[in-house]
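These protein sequences, in sequence, are chains F and S.
Sequential numbering from 1 applies to the first sequence in the numbering used here.
Sequential numbering from 1 applies to the second sequence in the numbering used here.
Derived DSS-like pairs: lysine-lysine, alpha-carbon spacing no greater than 27 Å straight-line: (1) S:Lys178 <-> S:Lys123; (2) S:Lys160 <-> S:Lys261; (3) S:Lys208 <-> F:Lys2; (4) S:Lys160 <-> S:Lys123; (5) S:Lys101 <-> S:Lys123; (6) S:Lys261 <-> F:Lys6; (7) F:Lys2 <-> S:Lys45; (8) S:Lys121 <-> S:Lys111; (9) S:Lys101 <-> S:Lys125; (10) S:Lys125 <-> S:Lys178; (11) S:Lys208 <-> F:Lys6; (12) S:Lys101 <-> S:Lys88.
One side only, chain F facing chain S, incomplete, derived with CB under 8 Å: (13) Val8; (14) Gly9; (15) Cys10; (16) Cys11; (17) Gln12; (18) Val15; (19) Val24; (20) Phe25; (21) Gly26; (22) Glu42; (23) Tyr43; (24) Pro45; (25) Val46.
Derived Cβ-Cβ restraints for the label pairs, each shown as a range: (26) F:Thr23 <-> S:Lys2: 40 to 50 Å; (27) F:Glu36 <-> S:Asn139: 54 to 64 Å; (28) F:Ile41 <-> S:Asp99: 45 to 55 Å; (29) F:Thr23 <-> S:Lys344: 19 to 29 Å; (30) F:Glu36 <-> S:Glu141: 47 to 57 Å; (31) F:Glu51 <-> S:Glu345: 34 to 44 Å; (32) F:Glu51 <-> S:Leu104: 58 to 68 Å; (33) F:Lys6 <-> S:Asn262: 13 to 23 Å; (34) S:Lys2 <-> F:Cys37: 34 to 44 Å; (35) F:Ile41 <-> S:Asp140: 45 to 55 Å.
Since the hints were made in silico from the structure, they are not lab data.
These numbers come from a predicted model, not from an experiment.
Yeah, the Cβ is synthetic: ideal placement off N, Cα and C, and Gly gets one too.
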Amino acid sequence: MKVSEKCVGCCQCAVYCPHDAITVFGRASMNENCVECGICIEYCPVSAISEDE
Amino acid sequence: MKAVIIGAGLGGLLTGAKLSKAGYDVEIFERLPFIGGRFTNLEYKGFKLSTGALHMIPHGSRGPLSQLLREVGAKVTIIDSNPMAIIKKEDESNIEFHDFKKGLSITKQVKLGTILAYSLKFKPKSDISFRDWILKFFNDEFLLRLADSYCGWSLSLAAKDVPAHEVLEIIDNMYRYKGPGIPAGGCGAVTESLSDVIKSNGGKINTKTCIDRIIIDDGMAKGVSANGKVIDADIVISDVGHPETSRMYECRDGKYLEFIKNTRPSRGIKICLSSREPLIGHSGVLFTPYAERINGINEVTNADPSLAPPGKHLVMSHQTVLSDDLAHEIALGLGDLKKLFPDKEYEVLLIQSYSGGWPVNRVSSGSDIGYRTPVHNLYIVGDGAKGRGGIEVEGVALGVRNVMKEIGAS
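The shape of chain S in the complex, shown without the other chains:
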């Protein structure tokens, strides 16, 4: 069985590793000169920055991605963050994420505990937003700010733009799989090790190769045309999202095209800092609910010092984009950093923004339409088709697992 995979991002590489291990003849085509998409390293001034992700795996060594990596034999060490996350409060004090209720009155703490326990079991069926859902029970500024910080960090969305059932699903997964971890060597170590697995299983990865079109005959994908050459395939899997994939063949399914039109990518800004002294001092997430724009920050060199030159730390902040004025959004982010670390010396290495065709997530949580397409043997993987409740790359892993199950290669 020949499988053609379009795109060598994390989703494409995970799929390639799974299928090549299951005995498929795998060939991957990537338009860019490098593999890994938004989940690989970007070497800059001696730092291992990244093309996208913040060198963090949301559920660390116990999560769905880690599990999938182990299954295919990818050699990656994931260093679990300890503490998992810290919240910076309005008075600048830091509390552990698990203690977030402690700032509230005893009555509110009890009420929140009960509501959360009930709602995790019986998730709201409506599409009520996470913000409105909180407001149903509490009008508490700290909780609302924490919700924005949490949704911003994990989904690059404001709490008013995510359905409550999706966030509750994520909280559920957080209890199930626990907190984040940092892959030793950065996210590039993950994608490179997957590439090794694919090659050792006889698979092939072509870079700088454009897919001109997907060849469809009688509702079935028969192969692709890549840089003008026809490659036959029994199955085609695309890691470039529904909209871009649908433009690679003549798609006439009006209902599907309408669905695609309603999916929205999520936007974000990452600011990379270099510092001699640690700014955070631990390997977990620092949630910053009282910053104007920044949702959270990590300092990955506390887990893996090799991500920066000797004697330096690598610190990365993430923020959702709330207006169309990107320069203004970035300026607010830089202002937040100044306020968060007033007495510290640091250098801004790079300011990276993500939207449109190179977003944080190709499909925002809550508007995901799944992995199927109108073509029977053409599937979508990657952040354009994640599993339910899966944050970032954990969602990519869950999505790949769903496709593997469907085609009987799990």
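Chain F with its partners taken away, still in its complex shape:
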């Protein structure tokens, strides 16, 4: 997954991620647990997450 500069660091993606694949410290970043399920995209309030091209 790709996180754009729109990310504010609110943690909603990390909390709803079923794979414990997101850490947030001012901004979200995905770790190796990510299976590209896309749930984080839905829960991001600022549309900052998108699928890798």
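For chain F, the structure is supplied; the task is to place chain S on it using the hints.
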């Protein structure tokens, strides 16, 4: 009468509850998969954390939000904080908020009492900042730090960035409505109960639904297009703020667009802690004027233990963001917590930051432009259009009340 509401945050839900109770056919559209916006629970590791707010209602069971909730029949219990607030002083001692003058010399105490009493009655007409206003009368480090702590906690702004008349209005409201309270079950209990009210009044709430555009004809809102479907409406109310709403239709009012450009959202950082032993030990706010960044902290489990797993406390700190280096700001906040609780054991659960499109407040206090738009029957509610002197969700409630009055649904 059909009312379409854009956004199911607290403002949208309060509006929906009011209008559905007044007989309107209400339909709410929310882009996210959940309702409540920045005022609902976020379940994490057995804790009821929140999407935004710190599970606190600034004026508790006597304030404008509580009053509005009672009016619409929302079943929410608000546990008033006791004490209301405590100030941690430089020497680590704690004093009650009402006793904040006691650390000053007798002459300063008398002077401060007189100035405050006069200024609450005759608020400054200029836009002088709260910090400069204090400096006009006192050059006292404790007062200046307390002002930053207070403005930071309640508005997520530094005292130099808020007009004095706005802070005095808030202090006035504090005397009128008294101190904070914690909703039993957290802020999610408030928004869920509003959703129940709306549904029992026949209203409809759609999640995962984007508004493509607001349909305007001859200066009037005729409805919206939601996920490609046209929904007719007699009135449209938006809970997503002026700028985002203005992008949903072709807005040609230059003066209004210029006004919008000058509104600024406020930024903040919340750090959520878990602890076995209480860190604070009461249900009020702990103001921390001598911390480097943290403005205040609460421990909501002292009011409602169910917000954490058995045997644990939930503690949340709030700080204003003073520079653009967010990682640095967070590190300073974490450092403050270490210094404030040196001998205590706690775990950092989550660090949440807020700015831009998901801020603390969509419009900082003092730059609010009200609820009207250039479109006659299109109004703004939520933290993008609060009532005067209303802190956080109390301002949201006052703003909703203003719109209800205007459309004759109060």
